[in-house]
Amino acid sequence: MIISDISNNCIDCNSVNGENKIKCEKDSTEEEKCSSKCGIVNGKNYGSCPSGQCCSKDGICGTDPKNCSVALGCQKKFGKCIEGRCGSEWGSCPSDQCCSKKGFCGTNSNFCSPSGGCQAKYGKCIETKCGKGIGKCSEGQCCSKKGYCGTTVEFCSPLLGCQSEFGTCSTGRCGELYGSCPKSQCCSKKGYCGTTSGYCSIGNKCQPKYGKCVEGRCGANWGKCPSGQCCSKKGYCGTSAAFCSPLQGCQSEFGTCSTGRCGELYGSCPEGQCCSKKGYCGTTSGYCSIGNECQPKYGKCVEGRCAKKGYCGTSSSFCSTAKGCQSKYGICK
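With the numbering used here, letter number 162 in the sequence shown gets 539, and the count goes up by one each step, no holes.
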């Protein structure tokens, strides 16, 4: 009798007496499961596996490579089998086939080229040649300077001698291995040629050695200005008020913006501060004194003060030398 309804949680496996049951095996979650026997083992026919399962060489039903791989002896007559796979779990390809890097069997250079990752342990490997008198590489592959097909930089870089007439060569790449971009294009941080800010901005680490780069731009598309520079409203880097003034749209997220400045270009100081003659905000007499040309339009100014502790006036209390009048800061009598 063939048992096709397999319990996923067979607790008392040892009590199962059917000939189509074998001992329980623990899976990765340590839950006990029962497995069906199948196929012909030691001359005895156990029949087919449940639908969707494979019958291994040893007559065990399952879905793992050890059950399903044709290379490992999967019995097609008693369940499904998977062909064309290879590698450490699947075994070797047929004798005339190559095992690719990703574990598939085949015969063209995508499977057989050692440079493309062909696995010699599980099939044959052949370095496909190309070039004058030999011919082209398979579609999508590059022909190296030495006349071999592959897909890595060593094969595809024009700088390393890729032969475009016999295969693909990298276009749109740049950098140490690929060389420079076409004229007027920029080489991005990751080595691609283009003309937008992602490729051309110094802030985005454009590579000037391999293409043009645009300096002095900043903003959402261009990145940040160099240290110490301000990003203007229109997205240019600089250090003057036109770039650094918050009043004129300085973009603080992409560079420095002036703080503590005031005046026609910078606007007013915070409340309670004075704007000095030279356009800086502060609270001492150097900023606040009318005598020092404090700018009342852009902050508060203090009238009637002079020197460090002085007050301005016209009576003898202010003008008498005997009473400490400071001739350096006003009239004394």
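By construction, these hints were calculated from the structure, which means they are not laboratory data. All of these numbers come straight from a predicted model, not from anything done at the bench. Take the hints with a grain of salt, since some may be wrong.
FRET-style restraints, in silico, Cβ to Cβ [stated by the list, open to error]:
1) LYS654 / GLY690: 17 to 25 Å
2) CYS689 / GLU592: 50 to 58 Å
3) PRO603 / ALA497: 45 to 53 Å
4) GLY637 / LYS567: 34 to 42 Å
The beta-carbon is built from N, C-alpha and C at its ideal position, and this holds for glycine as well.
Status of each hint after checking the structure:
no., hint, in the structure
1, LYS654 / GLY690: 17 to 25 Å, "holds (23 Å)"
2, CYS689 / GLU592: 50 to 58 Å, "holds (52 Å)"
3, PRO603 / ALA497: 45 to 53 Å, "holds (52 Å)"
4, GLY637 / LYS567: 34 to 42 Å, "holds (40 Å)"
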